[in-house]
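Protein chains in written order, with the numbering used here: chain A, 192 to 433; chain F, 464 to 947.
These are computed hints drawn from the structure, not numbers from a lab. Careful: at least some of the hints might be erroneous.
Below are the DSS-like pairs computed for lysine-lysine, each with C-alpha atoms no more than 27 Å apart in a straight line [claimed, not checked]:
hint	chain 1	residue 1	chain 2	residue 2
1	F	K485	A	K201
2	F	K513	A	K374
3	F	K485	F	K611
4	A	K347	A	K287
5	F	K484	A	K423
6	A	K347	F	K485
7	A	K428	A	K287
8	F	K887	A	K224
9	A	K347	F	K484
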Amino acid sequence: MNLKKVLPLKHIVLSLLSSALLLSVVGLLMQVKTDMFKNVGTIYLNLNMQTAAANAVTSVVTFFRGIDTVGEVTVLFLATSGVALMLSATQRTCDKVVKQESFILNAGSRLLLSVIILFGVYIIIHGHLSPGGGFQGGVVIATAFLLLFLANPNMKLSHGILTLGESLSGATYVLVVIIGLFKMNILLGNFLPHPIGEIGELISGGIIPVVYILVGIKVGSEMSVIVEYFVKEDYYKEVCDA
Amino acid sequence: MSLGYYFLLPVLFSFLTPYFKKLGSFTLRGSSILLSLVLFLQTVAYVGVKLPQISQFSIKPPLGIAFILDGYSLLFLLIFTFSALVVSFYMYWFFEENSGRDEARFYVFFNMLIAGSIGMILSCDIFNLYIFFEITGICSYTLSAFNKDKLGLESGIKYLIIGSIASIFIVFAIMLIYLQIGTVNLGLIAQRFHLIDPKISVLIVLMLFIGFGAKAELFPMNFWAPDIYQGSISSVNGLFSSVVAKAYLFVFFHLFYLFNLGSKYMLFVMVIGAITFLVSEFTALNQTNVKRLFAYSTLGQLGILFMALSTNSSQTVSGALFHLTSHSISKLLIFLALGILIHKFKSAKIDILGNFKSGFLTIVLAIGFLSILGIPPFSGFVGKILILKGFALSQNYTAIAFILLVSIVEAIYFFRLTAMMLDKKRAKVTVKVGSVNYIILTLLAVLIILFGVYPSLLTHYTDLATNALLHPTNYLNYALGVGL
Numbered sequence: 192m193n194l195k196k197v198l199p200l201k202h203i204v205l206s207l208l209s210s211a212l213l214l215s216v217v218g219l220l221m222q223v224k225t226d227m228f229k230n231v232g233t234i235y236l237n238l239n240m241q242t243a244a245a246n247a248v249t250s251v252v253t254f255f256r257g258i259d260t261v262g263e264v265t266v267l268f269l270a271t272s273g274v275a276l277m278l279s280a281t282q283r284t285c286d287k288v289v290k291q292e293s294f295i296l297n298a299g300s301r302l303l304l305s306v307i308i309l310f311g312v313y314i315i316i317h318g319h320l321s322p323g324g325g326f327q328g329g330v331v332i333a334t335a336f337l338l339l340f341l342a343n344p345n346m347k348l349s350h351g352i353l354t355l356g357e358s359l360s361g362a363t364y365v366l367v368v369i370i371g372l373f374k375m376n377i378l379l380g381n382f383l384p385h386p387i388g389e390i391g392e393l394i395s396g397g398i399i400p401v402v403y404i405l406v407g408i409k410v411g412s413e414m415s416v417i418v419e420y421f422v423k424e425d426y427y428k429e430v431c432d433a
Numbered sequence: 464m465s466l467g468y469y470f471l472l473p474v475l476f477s478f479l480t481p482y483f484k485k486l487g488s489f490t491l492r493g494s495s496i497l498l499s500l501v502l503f504l505q506t507v508a509y510v511g512v513k514l515p516q517i518s519q520f521s522i523k524p525p526l527g528i529a530f531i532l533d534g535y536s537l538l539f540l541l542i543f544t545f546s547a548l549v550v551s552f553y554m555y556w557f558f559e560e561n562s563g564r565d566e567a568r569f570y571v572f573f574n575m576l577i578a579g580s581i582g583m584i585l586s587c588d589i590f591n592l593y594i595f596f597e598i599t600g601i602c603s604y605t606l607s608a609f610n611k612d613k614l615g616l617e618s619g620i621k622y623l624i625i626g627s628i629a630s631i632f633i634v635f636a637i638m639l640i641y642l643q644i645g646t647v648n649l650g651l652i653a654q655r656f657h658l659i660d661p662k663i664s665v666l667i668v669l670m671l672f673i674g675f676g677a678k679a680e681l682f683p684m685n686f687w688a689p690d691i692y693q694g695s696i697s698s699v700n701g702l703f704s705s706v707v708a709k710a711y712l713f714v715f716f717h718l719f720y721l722f723n724l725g726s727k728y729m730l731f732v733m734v735i736g737a738i739t740f741l742v743s744e745f746t747a748l749n750q751t752n753v754k755r756l757f758a759y760s761t762l763g764q765l766g767i768l769f770m771a772l773s774t775n776s777s778q779t780v781s782g783a784l785f786h787l788t789s790h791s792i793s794k795l796l797i798f799l800a801l802g803i804l805i806h807k808f809k810s811a812k813i814d815i816l817g818n819f820k821s822g823f824l825t826i827v828l829a830i831g832f833l834s835i836l837g838i839p840p841f842s843g844f845v846g847k848i849l850i851l852k853g854f855a856l857s858q859n860y861t862a863i864a865f866i867l868l869v870s871i872v873e874a875i876y877f878f879r880l881t882a883m884m885l886d887k888k889r890a891k892v893t894v895k896v897g898s899v900n901y902i903i904l905t906l907l908a909v910l911i912i913l914f915g916v917y918p919s920l921l922t923h924y925t926d927l928a929t930n931a932l933l934h935p936t937n938y939l940n941y942a943l944g945v946g947l
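Extracted from the complex, chain F is given alone in its bound form (with noise of 0.2 Å):
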């Protein structure tokens, strides 16, 4: 199998989706199911092969354009096919239950969101990932406006603004790395990266961090965010989540660790971090739209996550990664089993979750709650364990004080959510979880406690990922086309 297909096979479904249609709509879910069933597949294929891999498009590294899989991408590709599986099989509950609405349209925008997500890292080429910037882009501005609604459409003309923005500064950035390198290749950009004029590199730095810190919501522009998680339909929020804001993360340090820049914006990314996390957090405090509140929980997360992958040890990188998949997965299901309450009750008030009576939805969202906030056994509390042994390592105390405190915040929220949920003087309305949600629900679960209790059968994929990242030596030859 080649790494061309996970671009090429979604684009082939988007283009025949009418044809789909009018199979109908079994079909249509049908066959969307299959082709992320064949990209995970693929991806677990991928699992235990020499990396890094590559697959060319036309010529040869550097002057042609290259997708490259190296330990740090197969991480993430692991993450984003799991969740595009386990999204299209809750999506094919969705619209059983909300028929009437355009689920062509939204199957097509659903599987170039991942087709993007997974573009943007696995390329070695700056402008052809500024592509797949814009294709998931214009994936997510249309998705969060799939409702429809007043609060749908203004989430949709936000994203658009606030992403049209953003892709200004890329492209400005790539046009300034152009001029001074002469190519758009990251293999020869990061082997030439310190030649740049300290005046100029100062510029296109930050113009790289304004265009993807946007979009990967840190703090100074993330205003946004929470209006689009409000705005678009819950199994987006999941993915928005859970794969795109990864994405953007990714391609942040990749290019972080690639230019060498961790010496120079190490603490000003830290501080950017922490100022996010903080700021989140306490904003999560006193929200009374659940959409709102896990938005600005996801917010806070991502902050940690910059905090602790701008360090350059390992030990704190390959904890905070650990963090990012584990994360993943409980948004994933916190996301999913809210759209089921939301779908019930019409609403996304903080009051639906008192006002259920599901022993199963309990249990799995208690289970997600906890694990973000990082209760034993749960995978969150290794995540951030790791994260905070890797900061003592390195001796920066400050940081361990720091999460520790804001942690303490974000606990106050989550256990009045879980007594909430526990309360038996509220009025209960009983809610059913479908066949479908109850296999997809448990497999997260089961996910998230398997990873807390044997830590050791992800944290082998962290550590590769952890290796690439900081030392991508294989990555530069193959995306300079060494030995090819």
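Isolated chain A (complex conformation) (with noise of 0.2 Å):
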């Protein structure tokens, strides 16, 4: 074995370059004090009273910077635009049909189901009080879809109810930030009652787990859509072209 060859002088001098430099500014870091002023996550803890959430770090995500939120909800909606702008070329009507895996596998994939998505439910509406929220429950919903593709290939999505509920809890979403505007005059203000002796209960926090709850059901019906536009890219190239 030429050991030139397969570990040319370029490649072993670039990366002992790189780590040095990556040592050199971990070096750097350590020896840095990092209190020099007190920081902003201690003050939105102090804080977290006021949104009457008890989970301190929904109320930094939902409502402290909520518009952060809405940021990372575009991010995910123009990645999922993204996938099925650059997959739909690809995906073509096919109507070959596999012959199912077992019956036992799809049975039980649909017995699960209802239990994934029922787990998916409780995170995104306990988001609030327990650790958890809409991005997370939102996935979960999503590997719900995931398992019933591996099981069943042949299986489709219904787009339109998909499609639904991406639009218009995302629709709610925005107009809840434009609420806030009209009612407290501030954006995204939290107009709904958030007594702080209802901590703790499943309703309280005022707009946080409303704000949750659409973000979960975006993202549940996002992530269905790109699991299922990966799944049938595969599987097109697996049938359809055979």
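Got two chains here, each in a separate frame; can you build the complex from them with the hints?
Below you can see the structure in the form of structure tokens.
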């Protein structure tokens, strides 16, 4: 074996240089003091009582820095649209049907579907009380559909319903942001009642659970669409081109 | 009206696009035009209002996020919303001619591209700015691959990789800033930036420079730009040149002056800008593809802007902002007119400029070329002369000589192109211009001449912008939430 062919000198020098650079940056970071100022995270934690959400992370994500979350939802939406735009060219209609894997696998995955979706919904609506929330719950819901696709490649999702869920939840989210302007004179104001006494209840925290439920629906439908596009891409390659 | 609508309305429109699509393509195109029109009129309504204006989200800054409009962002807002309006009219023609394209998705990305660029110039929170940076990025990756042919996909994937690397650097810089300063509010960062350990502050500046410099097409990081211009449709090229690159440039200099880096890094940015200008103009000389040629020309102009904006002298910066506005309008004009030719000839070879016969297109293209080159009475002349005057006042004669010398190179290819269009010996194909495009291109050409003949129409706003950029006290007060 020729070592020079496997590992050219150029690569060795480059990797040594880059690791030296990385180490020097890490070394620089180690000797820096980071407690010059009180950081804004601590202040948010102290302010958390105002929002009456038991989970402080949630109140930062959906309220204190709520417009960032609108942006994140938009980023995910754009990514989904991008995947759809790029993959819709290669996907054509194809009537070939693959033989089902096995009855037990299929029936079992359908049984599990409701449990997984229920778990996802639980994570979404308890976002302001326990760890989790719209993004995490939405992805859990999408895994339920991934399971269905793996068990039965012939399955098709109803795009009408998914688009409806996605568009309406997104539009309602934007409207919630704008309603805050009219009711509280500040965009994304917490215009629903949120008494501190209700902390820890399922209905508490004003708009926070509403926002997380909307985000959950949106993320769930978008992730399902992405999963479908990727699974079908393989499916068309294997089944229709064969 | 609240500033938040600049982001929220396009988002609402994008989320509802599947339903606009169901109502037919006329509704879809019409609603996109309406959206651009509303945003443009909102911007016009801000002209003459007392600035800065603020629109807060959730809680008061510095804890919450806010959008702040000062003189500097107003100028860019006018350019962006105007370009969006022009391009949305142009796309009406484009989709009439190219039916069967994925119109709905194009409008989603187009409107979010504008919204993301506007978000970048309005946001007063560096992490929020990063979110808009990502939104603009994703839209530009997809739009550059919109053709879905070999060149388009190549440009899409290239842009994706470069963009992701740039955003890693920016996230890392934001992380370092947060570790040091404990906040991501631009006002507080600006106040406390000089307290950071110099070693770390150099690292932060370098990371931000690489991140935003790569996106704003600065010299060592701009090798990707011509490929992306080549692969994407020409209206998107126009947007990249007149909106997206300008948004990154805005952020670059906004942070540059907010963090008060002028004294330390001025020469560095100036030299990089000069190299960008020199290299791009020389590379543009031997291009055979019109899109690549104008991509390099855009890079060259950005080089001049980087040179002039980093000087910290109000005359030069004001001139640079004038030149920037003029360049945006001229490049939009050139790319939209080229789009008509490219559609007709189905090729982007440089020969198409000699092979068409249309008096109108020849005139508007010539106006665009001569304006960028800086020939009176077009607006590019005023922009360049103001920059040179600024350099003369600060006695930087090297920069003047440099800009004038490299402009000769620029003159070679622009005059060659103009001569090619006027050459009567070549075989000519008649090109018809639709009524919508006729109006758009006339409007842009008239603006170029108007700003060239009456520069005072624009200098008022560039002076306002310069003042806001170089003396950001009012902006800082608003970002810190003083007196809200």
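These are the hints, each one checked on the structure:
no.	hint	in the structure
1	F:K485 x A:K201	violated (56 Å)
2	F:K513 x A:K374	holds (25 Å)
3	F:K485 x F:K611	holds (24 Å)
4	A:K347 x A:K287	holds (13 Å)
5	F:K484 x A:K423	holds (24 Å)
6	A:K347 x F:K485	holds (21 Å)
7	A:K428 x A:K287	holds (12 Å)
8	F:K887 x A:K224	violated (72 Å)
9	A:K347 x F:K484	holds (22 Å)
The earlier numbered hints that this structure contradicts are 1, 8.
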